[in-house]
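Chains A and B, in that order, give the protein sequences.
In this text, residue positions in the first sequence follow our numbering: the first is 1, and each later residue adds one.
In this text, residue positions in the second sequence follow our numbering: the first is 352, and each later residue adds one.
It should be emphasised that the hints constitute simulated quantities derived from the structure, not laboratory data.
Please read all numbers here as calculations on a predicted model, not as lab measurements.
Do not take every clue at face value.
To be verified - Using C-beta positions, here's what the derived DEER-type ranges look like: (1) A:Met236 - B:Pro405: 40 to 50 Å; (2) A:Val44 - B:Pro508: 31 to 41 Å; (3) A:Thr205 - B:Gly509: 24 to 34 Å; (4) A:Pro168 - B:Ala498: 52 to 62 Å.
The beta-carbon is built from N, C-alpha and C at its ideal position, and this holds for glycine as well.
2 protein chains.
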Amino acid sequence: MRRSPGLSLLALLAVTALPWGTGWAADPALLAQARGLFKPLPKVMESPENPVTPEKVALGRLLFFETRVSVDGTVGCVRCHQVSLAATDALPKSVGALGRLNPRNAPTVLNAAQEFVEHWRGDRKSVEDQATQALVGPPSFGNPDYASAMAKLAAIPGYPELFAKAFPNEKEPVTPENWGKAIGAYERTLVTPSPFDAYLEGDATALSPAQEAGLGEFVQTGCPACHNGVGIGGSMYQKFGLIEDYWKATGSQEIDKGRFDVTKNPADTYIFKVPSLRNVARTPPYFHDGSVATLPEAVRIMARVQLGRTLTDAQVAHIVTFLESLTGTLPSTFREIPDLPAAGFHPVPGK
Amino acid sequence: MRRSPGLSLLALLAVTALPWGTGWAADPALLAQARGLFKPLPKVMESPENPVTPEKVALGRLLFFETRVSVDGTVGCVRCHQVSLAATDALPKSVGALGRLNPRNAPTVLNAAQEFVEHWRGDRKSVEDQATQALVGPPSFGNPDYASAMAKLAAIPGYPELFAKAFPNEKEPVTPENWGKAIGAYERTLVTPSPFDAYLEGDATALSPAQEAGLGEFVQTGCPACHNGVGIGGSMYQKFGLIEDYWKATGSQEIDKGRFDVTKNPADTYIFKVPSLRNVARTPPYFHDGSVATLPEAVRIMARVQLGRTLTDAQVAHIVTFLESLTGTLPSTFREIPDLPAAGFHPVPGK
Chain A
1 MRRSPGLSLL
11 ALLAVTALPW
21 GTGWAADPAL
31 LAQARGLFKP
41 LPKVMESPEN
51 PVTPEKVALG
61 RLLFFETRVS
71 VDGTVGCVRC
81 HQVSLAATDA
91 LPKSVGALGR
101 LNPRNAPTVL
111 NAAQEFVEHW
121 RGDRKSVEDQ
131 ATQALVGPPS
141 FGNPDYASAM
151 AKLAAIPGYP
161 ELFAKAFPNE
171 KEPVTPENWG
181 KAIGAYERTL
191 VTPSPFDAYL
201 EGDATALSPA
211 QEAGLGEFVQ
221 TGCPACHNGV
231 GIGGSMYQKF
241 GLIEDYWKAT
251 GSQEIDKGRF
261 DVTKNPADTY
271 IFKVPSLRNV
281 ARTPPYFHDG
291 SVATLPEAVR
301 IMARVQLGRT
311 LTDAQVAHIV
321 TFLESLTGTL
331 PSTFREIPDL
341 PAAGFHPVPG
351 K
Chain B
352 MRRSPGLSLL
362 ALLAVTALPW
372 GTGWAADPAL
382 LAQARGLFKP
392 LPKVMESPEN
402 PVTPEKVALG
412 RLLFFETRVS
422 VDGTVGCVRC
432 HQVSLAATDA
442 LPKSVGALGR
452 LNPRNAPTVL
462 NAAQEFVEHW
472 RGDRKSVEDQ
482 ATQALVGPPS
492 FGNPDYASAM
502 AKLAAIPGYP
512 ELFAKAFPNE
522 KEPVTPENWG
532 KAIGAYERTL
542 VTPSPFDAYL
552 EGDATALSPA
562 QEAGLGEFVQ
572 TGCPACHNGV
582 GIGGSMYQKF
592 GLIEDYWKAT
602 GSQEIDKGRF
612 DVTKNPADTY
622 IFKVPSLRNV
632 ARTPPYFHDG
642 SVATLPEAVR
652 IMARVQLGRT
662 LTDAQVAHIV
672 TFLESLTGTL
682 PSTFREIPDL
692 PAAGFHPVPG
702 K
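Model the full structure from these sequences, guided by the hints.
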C-alpha cells in the first residue's frame with residue numbers, strides 16, 4: 001500500500017478549511033459516521049451454499065490459473081483477472097477465447113464474493129455461478145458445452161483426485177457445478193484488507209490526514225448513498241445517469257441498457273449494479289464499458305450524472321485520495337502462483 | 352520439487368541390476384562422469400553485453416508481466432510463459448495477439464539465458480534479442496512497428512521513470528533495445544536450481560537411487576552427446592532425425608525444415624537447437640511442434656530417431672525419473688507476481 005509521505009500545500013489547506021477537519025488529528029465524529037456507513041472486510045467471505053473448505057480452496061486456486069480447459073487453451077480466470085493488475089486486465093472490454101470481445105469491462109474478483117450479485121447487470125447470482133457459466137461463455141472460455149469442458153479437465157492427471165478430495169462422497173465430482181464451487185471457495189478467500197479497514201476497526205490514524213479529508217468529502221458529496229457497506233458498493237442496483245444521460249458524460253461508444261436486457265422490464269433501463277470501490281485506484285479503465293480512463297475523471301462524472309454536482313479539481317483530488325485508502329493487500333495465495341498439476345505428470349516406476 | 356518417497360519394485364530391481372548401480376549408495380564413478388558432462392547452474396546468467404543490475408531486473412520483471420504494450424492489450428511475455436506451467440503455456444503452438452498461431456512450441460524462459468542462441472532455429476541471438484523482436488512479431492505482441500509499441504509503453508505513467516533509473520545517462524531511455532535489455536536482465540535471474548545441481552555440486556545423495564539409476568541410463572544411452580553442459584542441452588544445433596525422419600515418429604502435422612528456412616543452407620535442413628532439458632518434466636507437449644504429449648513418449652522417440660535405439664519401458668521410465676531431477680525451484684521473483692505501475696496512477700495533491 002502506498003501511503004502519502006506528506007501533504008501538499010493544497011491538501012493541507014483543504015484539511016484545515018473543511019468543517020470536519022481537525023488538522024493532523026483524526027476526527028472521532030467522522031469515524032463514527034463512517035462506521036455507520038461502511039463495514040470492514042471479513043477474513044473470509046462465507047456462503048452457506050458453498051462452505052469454504054481448505055480442499056476446495058486449494059483446488060479452486062489451481063483452477064483459477066488453469067488455461068487448458070478453455071476452447072483454445074488460452075483462457076483461464078486469470079486472463080481477465082491478472083494478479084499484476086488487481087485482478088483486472090486494464091482493458092475497456094476483455095478479450096476472451098478465440099479473440100472474442102466481451103460486452104462489458106471485467107470487474108476485479110478481489111472481494112467480489114461479498115457482493116449481492118455478480119456482473120454489471122446482476123445476471124450471475126454468485127461467484128460460483130459466474131465461474132461455472134464462464135466455461136461456456138463464448139467470449140469467456142468459449143467451450144461449446146459443459147461436457148467438453150469437463151472432458152478436458154478430467155483428462156489432466158491430478159484433477160480428478162483433487163476434485164474427489166474437495167467433494168468427498170460424490171461419485172463423479174468433476175462437474176461444472178463443482179468447478180464453480182471450487183473457484184468460488186477460492187475467491188471467497190480473496191479479501192484485501194486496506195488502510196480504510198484498519199480505520200473502520202478503530203485505528204483512527206490508519207488514514208492519512210489527506211485520506212481522512214477525502215473521506216469527509218466523499219461523505220459530504222453523497223457518494224455513500226450507493227457506495228456503502230462492506231464493499232463500498234456492490235450491495236444494490238442503481239440507474240447510471242440519474243441526472244444526465246451517462247453516455248454523454250462518458251463518451252461511451254454505445255448505449256448499454258443495462259439490466260433491462262436481462263429482465264426486459266422497462267424500469268430496469270440503464271440499471272447496473274453499483275460497483276464496489278475497493279481497489280478502485282488500481283482498476284482502470286472505469287464504468288461498465290471502460291469508457292473512462294482515469295479515476296479523477298470517473299469521480300467527476302459520477303458526481304455530475306448521479307448527484308448533479310460539479311466538483312472542483314480539489315474536491316475530486318480529495319475523493320481520489322480517499323479512494324486510494326481502499327487499495328488493499330493481496331493474499332499470498334493470489335500474489336504467488338501455484339504450479340498446476342500434470343505439466344509432465346505421468347506414472348513412472350519409483351515415483 | 353517432488354521426490355520419490357520410495358522405490359517401486361521395478362526400479363529397485365533395475366538399480367541393483369545395472370552395472371553402475373550400487374544399490375542405495377551413490378556411485379562416485381557416475382558422479383565423476385556426470386561432472387565431466389554437465390555443469391550446475393550459476394546464480395545469475397551474466398552477459399557482458401547486458402550487465403545485470405537491480406534496476407534493470409526490477410523493471411524487466413514488471414515488463415515481463417505487462418500486457419498493455421501488445422497490439423490488442425492481451426499479450427505479454429507471460430502469455431506463453433506462465434508461472435503456473437514452468438514458464439510455458441502447455442499448448443503445442445502458442446497463440447499470440449489477435450489469436451494468431453505461432454509457428455513453433457514456446458520454450459520455457461527459465462534458465463534460457465545461458466543457451467547459446469534462442470528459439471528453436473537460433474534466429475534470436477539472446478534473450479534480449481528475443482524480447483525486443485517479440486514486440487513486433489505478428490503472432491507475439493503483434494505491434495505494427497516498434498514506435499507504436501514504445502508510444503504505448505511511454506504513455507503508462509511510471510515506466511519512463513523506471514527506464515530512466517535502469518538506463519541512466521540515456522536521453523530517451525524508452526527504446527525497444529532497452530525493453531529487451533530490461534526483460535533480458537530479469538530473465539538472466541530466472542535460474543531454477545534442481546536436485547541434479549546439488550548432485551553435481553557434490554551432494555551425491557541429492558538424487559534418489561532411482562534418479563541416479565536413471566542418470567546412468569541417460570548417459571549409457573548416449574543422450575549427453577547433445578544434451579550436456581549447464582542446460583543439459585541448449586548448447587548446439589543438431590539434425591532432428593539423424594536415423595529416421597522425425598515426422599514419421601512424432602506424427603507431426605507438417606514437416607518443418609528448421610534452420611534451413613533461416614539460412615537457406617541445405618546443410619541446415621531439419622536442424623534445430625538442441626533444447627535444454629531443465630524442467631522438461633513440467634513442459635509438455637514436446638518438440639518444436641508440440642507434437643508429442645508425454646515425456647516417456649518423447650524419450651522413446653528421441654532414442655529411436657537420434658540414436659537408433661529402441662528402449663524398453665523400464666529404460667524409458669528410468670530416464671524420465673532422472674529427468675524429473677531437473678525440475679528446479681522457481682525464484683520468488685517469478686513465483687510472486689508484481690503490481691504493475693499505473694493501474695490507476697494519476698497525479699493528485701498530497702500523494
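Each hint tested on the structure:
1. In this structure, Met236 of chain A and Pro405 of chain B meet the distance hint of 40 to 50 Å, their C-beta atoms being roughly 48 Å apart.
2. With their beta carbons about 35 Å apart, Val44 of chain A and Pro508 of chain B fall inside the hinted range of 31 to 41 Å.
3. Remark: the range hint 24 to 34 Å for Thr205 of chain A to Gly509 of chain B is upheld by a beta-carbon distance near 28 Å.
4. Look at Pro168 of chain A against Ala498 of chain B: about 58 Å separates their beta carbons, and that is inside 52 to 62 Å.
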